[in-house]
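Peer 1: Here are the chains, one letter per residue:
Protein chains: 2
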Amino acid sequence: MAIKNQKGIALWNRAKKIIPGGSQLLSKRSEMFLPDQWPSYYKKAKGIEILDLDGKKYMDFSIMGVGSCALGYADPDVNKAVKSAIDNGSMSTLNCPEEVELAELLIKLHPWAKMARYARTGGEAMAVAVRIARAYSGKEKVVFCGYHGWSDWYLAANLADQKNLDGHLLPGLEPAGVPRSLRGTTLAFSYNHIDELEKLVKENNDIGVIVVEPFRHQQPQNDFLKKVKKIAEKIGAVLIFDEVTIAWRLNAGGVHLLYRVNPDIAVLGKAMSNGYPMAAIIGREEVMQAAQKTFISSTYWTERIGPTASLATIKKMQKVNLPRHLKKIGKMIGDGWQKLAKKHQLKLNVIGPEALITFSFDYKDDSQAIRTLFTQEMLKRGFLASSSVYVSYAHKPYHVKKYLKTVDEVFGIIKKAISDKRITTILNGPVSHTGFKRLT
Amino acid sequence: MAIKNQKGIALWNRAKKIIPGGSQLLSKRSEMFLPDQWPSYYKKAKGIEILDLDGKKYMDFSIMGVGSCALGYADPDVNKAVKSAIDNGSMSTLNCPEEVELAELLIKLHPWAKMARYARTGGEAMAVAVRIARAYSGKEKVVFCGYHGWSDWYLAANLADQKNLDGHLLPGLEPAGVPRSLRGTTLAFSYNHIDELEKLVKENNDIGVIVVEPFRHQQPQNDFLKKVKKIAEKIGAVLIFDEVTIAWRLNAGGVHLLYRVNPDIAVLGKAMSNGYPMAAIIGREEVMQAAQKTFISSTYWTERIGPTASLATIKKMQKVNLPRHLKKIGKMIGDGWQKLAKKHQLKLNVIGPEALITFSFDYKDDSQAIRTLFTQEMLKRGFLASSSVYVSYAHKPYHVKKYLKTVDEVFGIIKKAISDKRITTILNGPVSHTGFKRLT
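These protein sequence lines map, in sequence, to chains A and B.
Quick note on numbering: the first sequence equals residues 2 to 441 in the numbering used here.
Quick note on numbering: the second sequence equals residues 2 to 441 in the numbering used here.
Hints are computed from structural coordinates only; laboratory data are not their basis.
Some hints could be false.
Pairs involving identical chains hold if they fit within one copy or between any two copies, as the list cannot separate such chains.
[To be verified] Simulated crosslink set (DMTMM-like; lysine to aspartate or glutamate; CA at most 20 Å straight-line):
hint: 1; residue 1: Lys-317; residue 2: Asp-366
hint: 2; residue 1: Lys-57; residue 2: Asp-88
hint: 3; residue 1: Lys-8; residue 2: Asp-53
hint: 4; residue 1: Lys-416; residue 2: Asp-55
hint: 5; residue 1: Lys-57; residue 2: Glu-99
hint: 6; residue 1: Lys-332; residue 2: Glu-286
hint: 7; residue 1: Lys-44; residue 2: Glu-99
hint: 8; residue 1: Lys-365; residue 2: Asp-224
hint: 9; residue 1: Lys-438; residue 2: Glu-287
hint: 10; residue 1: Lys-45; residue 2: Asp-88
Given the structure is predicted, the values throughout are model-derived calculations rather than measurements.
Taking the hints into account, I'd like the entire structure generated from these sequences.
Peer 2: Following this line, the structure appears as structure tokens:
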């Protein structure tokens with residue numbers, strides 16, 4: 002029985018004709034989950050529940066707004082604060098005091114940082130951070146590990162070889178339209194491979210910026226972050242930690258606080274404002290003041306909802322001890338997957354952290370088809386499910402129990418499909434995409 | 002008598018210590034209006050009324066949220082739509098249908114355009130547009146006139162000579178931190194000087210993108226826009242019209258519709274969403290599809306408030322015939338200035354368009370001090386006033402009458418100050434800034 006999400010699928014097909022790529026975000030393409038079957042659009046989202054255009058209800062055990070809603074959808078406390086800002090005018094010729102209050106709070110949480118700037122998206126905030134860092138160090142070459150968005154400075158890494166970024170979250174990122182003169186200005190090294198960074202430093206004497214995602218799925222090994230910082234200090238490079246995805250999930254603020262390694266600049270976003278556009282660049286005063294010798298200015302960075310939502314979100318995350326909740330729930334999910342994989346004799350790898358719990362099927366060329374089958378069968382049973390769960394405060398133990406009961410059933414179907422060699426036969430549409438691809 | 006805005010001034014001084022430059026936008030710095038006296042922050046904004054932190058009320062006859070609130074602050078219809086989106090969840094793993102509806106509406110208003118993408122700030126949208134244009138044309142050199150934001154591609158124009166951008170709205174834009182390898186990739190020509198563009202085309206055979214603000218204060222002369230388009234076609238360059246500031250004020254959509262010159266890409270923002278972060282890149286299908294061969298993706302571009310606010314704003318702008326209102330009110334203001342300048346024998350130039358009516362004092366080196374005095378004396382009398390009024394739907398004739406009555410009084414004071422050579426004596430603070438400058 003195929004899933005019928007008629008309205009959503011029809012709208013997605015229309016969208017692809019008038020919006021190149023269908024969506025503004027690769028990770029929200031239906032093709033990344035379940036081509037030709039995914040509901041694609043929502044009417045209403047509350048807690049972890051999503052209502053699609055056909056009136057069908059799902060529980061979200063997938064990416065929860067790509068990690069932007071760690072308190073759950075439409076959080077009442079955050080929404081209350083935002084609505085009050087709207088009633089009082091969310092924009093004017095004068096500035097909103099909330100942006101100063103937010104700067105004070107971010108500095109309090111990150112005592113090494115003394116100044117803050119804002120943007121409204123993570124990619125934009127990273128571009129601001131790199132601009133400030135280059136302006137401060139006076140050297141423009143950037144070395145990095147991890148995923149850092151769509152901007153020219155980052156995609157420039159793929160100008161020399163289109164596979165340079167492949168190990169960093171998303172494969173196949175094409176850099177067409179990035180000036181070729183930027184070739185060689187951005188160079189990649191692998192996470193936890195300090196030797197690769199040392200090699201880059203030996204070969205390039207003009208490195209001004211080191212950009213690192215301090216943690217996503219791998220823990221830093223052998224004092225990796227400390228060693229990176231030492232190298233940055235030695236060569237006079239500005240160290241930027243991109244915490245857009247990971248911050249707030251493991252502790253209050255950036256995860257670098259847990260590892261006691263302070264960068265020169267940290268970039269925060271996503272979960273910080275629970276679904277409202279916002280991002281922050283925080284840093285040491287001396288470095289941040291370089292923002293005054295380069296023009297960085299945008300009208301919509303001054304509206305009131307971003308800082309208002311952030312203040313309400315951060316306060317609530319602290320009040321409810323969000324990291325503790327995410328860890329507990331993520332562990333329930335991860336343990337459940339492992340137990341059920343064992344029961345059904347499925348080859349499954351589970352990786353952490355709990356707050357961003359992830360699995361992969363280990364069946365070589367069939368792995369992606371099996372993952373697609375998992376999403377298909379979970380969807381039929383009322384769950385948005387992929388191989389990662391961005392756990393939120395709205396995920397409660399009773400949701401997890403329901404979810405794992407369904408996973409049990411679906412793992413049984415998958416096991417049988419593998420044994421019968423019928424995976425693609427019972428898939429009602431194509432296998433999902435793994436990276437950037439042209440949509441038609 | 003000095004103005005006392007104790008709380009706002011104190012907060013601004015604090016902000017400058019923890020936010021480099023004090024604000025996220027050059028045009029919202031207190032120093033751009035009235036250093037040491039400007040109220041700086043607001044509690045509440047409604048219509049054209051703003052309440053500052055000390056509880057003092059002002060009418061905004063200045064930049065109205067830098068042109069972002071053409072319906073007035075906290076417009077009830079737009080706010081109602083936004084609050085409904087908030088109640089129904091402004092973010093989820095699935096996409097919001099409003100972004101498809103908005104694409105349909107933008108395409109309907111601009112029949113030459115067949116596809117749309119979105120960002121959340123004007124600068125970001127321009128960077129997306131330039132990326133797509135470069136990817137399509139395969140040639141990376143950009144020639145431009147006008148102001149287009151803070152991104153690397155634009156500030157690169159100042160790498161060769163820091164004064165290249167001076168004629169384009171804001172003087173002194175420092176490009177520190179922009180890769181030096183971009184030197185020569187962005188070249189400026191002057192608005193209405195087709196000969197300068199022709200010269201650039203003769204000297205550079207690798208121009209892939211032409212970026213023009215089709216209208217700000219000057220009307221196109223001698224078929225300027227048509228000639229630019231002809232050149233773009235001839236050399237195989239993508240023509241981008243940056244309509245972030247001007248669109249929606251003179252007609253529904255981009256002003257290029259009035260001049261019957263269709264670009265390949267048009268960028269819309271600011272007034273389109275009445276204060277909520279949003280921007281759109283619309284264009285011809287063939288050109289926009291180049292977005293599929295380059296990675297352009299950001300999480301917060303997918304939230305629901307931007308397109309929801311835009312839909313409500315555009316519909317209301319059409320319903321109330323906003324351009325007609327702005328023209329009428331702007332004309333009242335401009336005529337009033339001229340009449341009062343004549344009465345007080347002040348040398349004053351008024352420039353259009355009415356929807357963005359602007360004056361300048363014509364007193365050589367004293368002009369900026371006189372403008373500062375104007376702002377100071379208007380502020381004392383309850384008006385936020387500078388030399389431009391971004392007229393809005395909330396500006397009604399009775400507001401204008403009150404405003405002009407006060408301008409009459411203040412012009413008298415200014416005339417006397419000029420005659421007595423006491424301008425700086427009666428200024429209670431420094432003269433306002435005219436461009437980008439380091440704040441301490």
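Peer 1: Does each hint hold? Answer for all of them.
Peer 2: Hints, verified against the model:
For a Cα distance limit of 20 Å, the shortest separation of Lys-317 from Asp-366 qualifies neither inside one copy, at 44 Å, nor across copies, at 54 Å. Taking the closest pair of Cα atoms, Lys-57 and Asp-88 come within 20 Å of each other only across two copies (18 Å); inside a single copy the shortest separation is 33 Å, beyond that limit. Proximity of Lys-8 and Asp-53 under a CA criterion of 20 Å is satisfied intra-copy only: 9 Å inside one chain copy versus 47 Å between copies. Taking the shortest Cα distances, Lys-416 and Asp-55 never come within 20 Å of each other, neither inside one copy (31 Å) nor across copies (68 Å).
When the C-alpha separation of Lys-57 and Glu-99 is checked against a cutoff of 20 Å, the pair qualifies only between copies, where the shortest distance is 19 Å, while the shortest distance within a copy is 38 Å. Neither within a single protomer nor between protomers do Lys-332 and Glu-286 lie at most 20 Å apart by alpha-carbon distance, with minima of 39 Å and 47 Å respectively. In this assembly of identical chains, the alpha carbons of Lys-44 and Glu-99 lie at most 20 Å apart only when taken from different copies (10 Å versus 30 Å within one copy). In this assembly of identical chains, Lys-365 and Asp-224 lie within 20 Å of each other by CA distance neither inside one copy nor across copies; the values are 33 Å within and 62 Å between.
Taking CA atoms no more than 20 Å apart as the test, Lys-438 paired with Glu-287 passes between copies only; the shortest distance there is 17 Å, against 42 Å inside one copy. With identical chains, the CA atoms of Lys-45 and Asp-88 are at most 20 Å apart between copies only, with a shortest distance of 8 Å across copies and 22 Å within one.
Hints 1, 4, 6 and 8, counting from the list given before, are not met by this structure.
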